[in-house]
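Chains as they are written, first to last, in this note's numbering: chain P, 1 to 346; chain Z, 1001 to 1346; chain U, 2001 to 2346; chain S, 3001 to 3346.
I should point out that these hints are in silico values taken from the structure, not numbers from a laboratory. Careful: at least some of the hints might be erroneous.
Unchecked claim - In the EDC-like style, the derived pairs of lysine to aspartate or glutamate whose C-alpha atoms are separated by at most 16 Å in a straight line are: (1) U:Lys2105 to U:Asp2122; (2) P:Lys205 to Z:Asp1277; (3) S:Lys3105 to S:Asp3122; (4) Z:Lys1205 to P:Asp277; (5) S:Lys3205 to U:Asp2277; (6) S:Lys3105 to S:Asp3226.
Number of protein chains: 4
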Amino acid sequence: MIDVAIVGAPGYAGAELTRLLAAHPTLRPAMLTSAAEAGRRVGDVYPALAPFVDAVYVEPDPAEIAARCRVAFLAVPHTAALEIAPALLEAHVTVIDASADFRLKDPAVYEHWYGVPHTAHDLLAEAVYGLPEFDRTQLPGARLVACPGCYPTATILAATPALESGIARGDRVIVDAKSGVSGAGRTPGPGTHFPAVHESLAPYKVTSHRHTPEIEQGLSLVSGLDTRVVFTPHLVPMTRGLLATAYLELNEEISDAEAVTLYRTRYRDEPFITVHDAGRMPSTLEVRGSNRAHIGIAVDARAGVLIVVCAIDNLVKGTAGQAVQCANLVLDLPETAGLDLPVPVV
Amino acid sequence: MIDVAIVGAPGYAGAELTRLLAAHPTLRPAMLTSAAEAGRRVGDVYPALAPFVDAVYVEPDPAEIAARCRVAFLAVPHTAALEIAPALLEAHVTVIDASADFRLKDPAVYEHWYGVPHTAHDLLAEAVYGLPEFDRTQLPGARLVACPGCYPTATILAATPALESGIARGDRVIVDAKSGVSGAGRTPGPGTHFPAVHESLAPYKVTSHRHTPEIEQGLSLVSGLDTRVVFTPHLVPMTRGLLATAYLELNEEISDAEAVTLYRTRYRDEPFITVHDAGRMPSTLEVRGSNRAHIGIAVDARAGVLIVVCAIDNLVKGTAGQAVQCANLVLDLPETAGLDLPVPVV
Amino acid sequence: MIDVAIVGAPGYAGAELTRLLAAHPTLRPAMLTSAAEAGRRVGDVYPALAPFVDAVYVEPDPAEIAARCRVAFLAVPHTAALEIAPALLEAHVTVIDASADFRLKDPAVYEHWYGVPHTAHDLLAEAVYGLPEFDRTQLPGARLVACPGCYPTATILAATPALESGIARGDRVIVDAKSGVSGAGRTPGPGTHFPAVHESLAPYKVTSHRHTPEIEQGLSLVSGLDTRVVFTPHLVPMTRGLLATAYLELNEEISDAEAVTLYRTRYRDEPFITVHDAGRMPSTLEVRGSNRAHIGIAVDARAGVLIVVCAIDNLVKGTAGQAVQCANLVLDLPETAGLDLPVPVV
Amino acid sequence: MIDVAIVGAPGYAGAELTRLLAAHPTLRPAMLTSAAEAGRRVGDVYPALAPFVDAVYVEPDPAEIAARCRVAFLAVPHTAALEIAPALLEAHVTVIDASADFRLKDPAVYEHWYGVPHTAHDLLAEAVYGLPEFDRTQLPGARLVACPGCYPTATILAATPALESGIARGDRVIVDAKSGVSGAGRTPGPGTHFPAVHESLAPYKVTSHRHTPEIEQGLSLVSGLDTRVVFTPHLVPMTRGLLATAYLELNEEISDAEAVTLYRTRYRDEPFITVHDAGRMPSTLEVRGSNRAHIGIAVDARAGVLIVVCAIDNLVKGTAGQAVQCANLVLDLPETAGLDLPVPVV
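Take these sequences, add in the hints, and give me the full structure.
Here it is in structure tokens:
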């Protein structure tokens, strides 16, 4: 067994990491840290975890983490990872960071979108972007993994085969995305108050969502161009689930079946991706609780647009599951370890 | 008072018409027809209506309607309006049709998308499209009004000022739309079964939804071009509400504030439209139960795309409220009669 | 028109009062006060109200209220009404208090359950309990009305005919109640955070909910005994609606039909109460948005227990609607003024 | 590995069995039968299961089941188990029946409540009631297990320690129960139509629910009396989860802490039961997807009533998980095999 720490364990990403690692065959959640909840039992905060995790949240002390753990998952807000990652790395702890702090290669872009200075430029080059289906070659042995955001995960998976193959125009992509409320985290606020959300559907942070530059960075790598993304996220009255609907202008005529074949070929060996038959679209319900990404494809031949829809669970493939998948690859474990369990159908 | 009939009264559109007309100052719901529920009391089917409507559903007999009512609202599935409208018109009953049967001017387009023959070609020219904000000039005195579908209502309201003014490209518009489940009507089925819908978000009828040609017909009139619409509807786990997010490619640079001004100017005198300040987006909750359309606007200057979001209640401005609004105009009543009540905020 | 103030206007109770009064034929919401939101436009806080209320929230100054309004609705937390009501009454403003501060006749009981001193003992005797169906005789001309809590409203309506008539045991009543989340108000917190509530059903404040003594006070009056209430509220994942299921031990054999007749006789002249036929139970959906209380009755003959279920909208008959109903009676307006509009069926 | 069949596999109980068995260390779902879906791929009906179950639904032929499987789970409506169980048993297939057909020991009671004749009286004596926490001694080696209904499971777990110990009156128990919509199964109908259920809470089958005699049978065994149960189920707008709130009249004074100790002692060795600390109540969310039963306890000392709340997932501990738990015991496997996985916290 490999002992790991979860930093920021009581948040939703941390709690999902706790759940997944509690059933992982090799990784053992040995330290669950939280400044806010230090001293409380995990099972008191989350009764669902009580039978599985007999532990108390502790202060996030890097030296203590290094003394006890080989790997640390960071499930913290941005800037918090900037603070703790350097100390952990120096102490030879592998860092799997689920925050935004090491995703953007250009610190100026980070500083523009996040409005704070990036204080660890030197680590940006080393950080490996943790979307295995995009590029898993750099993950084995990596010291620092920057796991993607939930929206970039779904969007990059949706757009990559079309851009890589050149069937679609690479300089501009329109992405209309929708997320359940757990994407906003565990801290209550006016925008996540039940009566304000229920029976309410609305876009938010239109043209200003911080996942935009991350999507553009990823898609530009794929297209070889400076890809502009029009990205419009919406909040949907459900707890879990994220759907990205990508609109890609076709450079050539292609049938539904050909597009499906293209995507299936690209994702042939991927253990977590299903490309549906032409005519079938994914729902967030069918991936709820799992690390899977389900993709549906339709060609709008009349308009010359390829519509690709990718459904994920924002807290699993969108966050915690992906972090475990990356850790598995970093540590040379089976990629699906701890992530291959069937989930409820409703 | 003017006596009116509601044909297909127990469906959701019919029930909303019943609710609205029960509080209307001039129109009185004198006959509520239904082949399926004939003989049942309205209040037994809908206890919420019991205190307001002391009536029994009756068979939809055109002669009886003509004998008792001056106006008939048709809240029936497509093809059913084709069957009953001619007899009603011949008997001098004004027909406000909420079905799809008279929306498309070209019967070949109807037959292509609906897969059935159109049996009343002669009435197509006469039918007035019932979206007052689009064009209300033909409504006064009309004999036959074809009320728009819910998606076309929101989409045409979202796109018209941009296309009319020429600031956006008119030959292709991308519309990502989302609707609550009541849009599927009152008849249960696998796609509206609670456990299958709750916590589920999914697109449906991608590239094949029957509202596509109706949207194209409307936007082509506005743009003066043969507008192609990429239209992707999604089902959202909520009962009411519809949101259309339109992506319009800009022909020129424009600021958020200028775009807002353009929309406000276009909709200056509209009693049911609010154009939000730049930076504010509408939610379906804020129009729930009302006949209003709330519009939010953002310019994605980086990509040259105008994003316009229109929120309506699919059963009110999307169906029953709009039908009442049209009837008011046809009958020279105040346009807002029966439609100007504040709605719950949650 | 009579000008009225709403104190605490941006909370859910205040917002519902605003909505109802905006459509009231005689009462006009002339001042909307809020310490927290003073200076903000009503329509910015609640876009749904924007077309109907062109006003700005102002500081709750009693002198200003007295100068401009004849009636003040208090939609404030407990203790806040204790602070402001005396000044308003002294300035000859009629006070319709939706808070808990004047509901309990015995200040010691208030102090026990609320944990704070009651600072206006002298007003307790004068305060009229505002549940018209229970006793409306004292309301005309009252200076101070204490509107009941949402749970007491549903429970007292459910139990009164059985206790009054003596068919059921009056010394102990079991009430299992369920409420939507809006009952917790507009302020976000861990217990109203969407992901924590959705798909979650749980009891709360078992044996300690503050509505318990209020229910006991009401039912003791009816039964003539010292009625003990076992009261267990549950939080249900919906925004609106409250259901009280009362279990009353029968003193005698009675059929379903006889029980229905007993209830219908008791509530014969009530404009807002429906007693369903035997075998039909009410749902919260059928009263959503309305001031109605719908009651269903079943006799469990095997166990000698009468089961009475009362469904209300917690924000209307449970709060704001009831306050308007009381104000109508105080001011000698028609009891149903502003409260007789049909509501959506879904 | 032991090959098992699931009869009625595409229903929700069957689908949950499929999910649980797909991850079971010893039981292998070798045959999935369904008359209605025969010939369809499992993954086409449930995309969530596609990656885990590469199978096609087949006709439910007892001979074929006997040829291939040692155990058959029956996830069928009542009467269907009566038809198939005898043939399976004769062919030496162990039957774990999740239907109602063998739960009630007295066929006259079955015939009274279900309105159909019981055609396998001889098997009733042999059938072992499958609630291990109630009595697991007869399960090892059993040929026919009658798994309890979802409501009886939660109710019997809630009431047993109080009745067994004699602290509460055993001749009458009041149970107010609430269930998510998946309890109604996979077949759509007016009562499970999304718009009819959402924002709706209502009791159903009051005094007539078929789980009543089953609860009475169980509690009478525990109390040694002829226990009458007042049982009122409610439908709650959520997919999963069941909460039973039991009201038990105390024979003696007891503190919260003593009651908790009594329950903890009774359930000391139970792997799936948590008795919460006094003052903490369970939610359906905390057991969602798991085989656990969480119990909360409060003494209403003023009224002499013990309130016990039991939360389960109706499809797991209430159906499929319990069936697996029973099969584990029948086959002498670890009781928790396949049932010990942590579940998502939201």
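Verification of the hints:
| no. | hint | verdict |
| --- | --- | --- |
| 1 | U:Lys2105 to U:Asp2122 | holds (10 Å) |
| 2 | P:Lys205 to Z:Asp1277 | holds (14 Å) |
| 3 | S:Lys3105 to S:Asp3122 | holds (10 Å) |
| 4 | Z:Lys1205 to P:Asp277 | holds (14 Å) |
| 5 | S:Lys3205 to U:Asp2277 | holds (14 Å) |
| 6 | S:Lys3105 to S:Asp3226 | holds (15 Å) |
Hint compliance for this structure: every hint is met.
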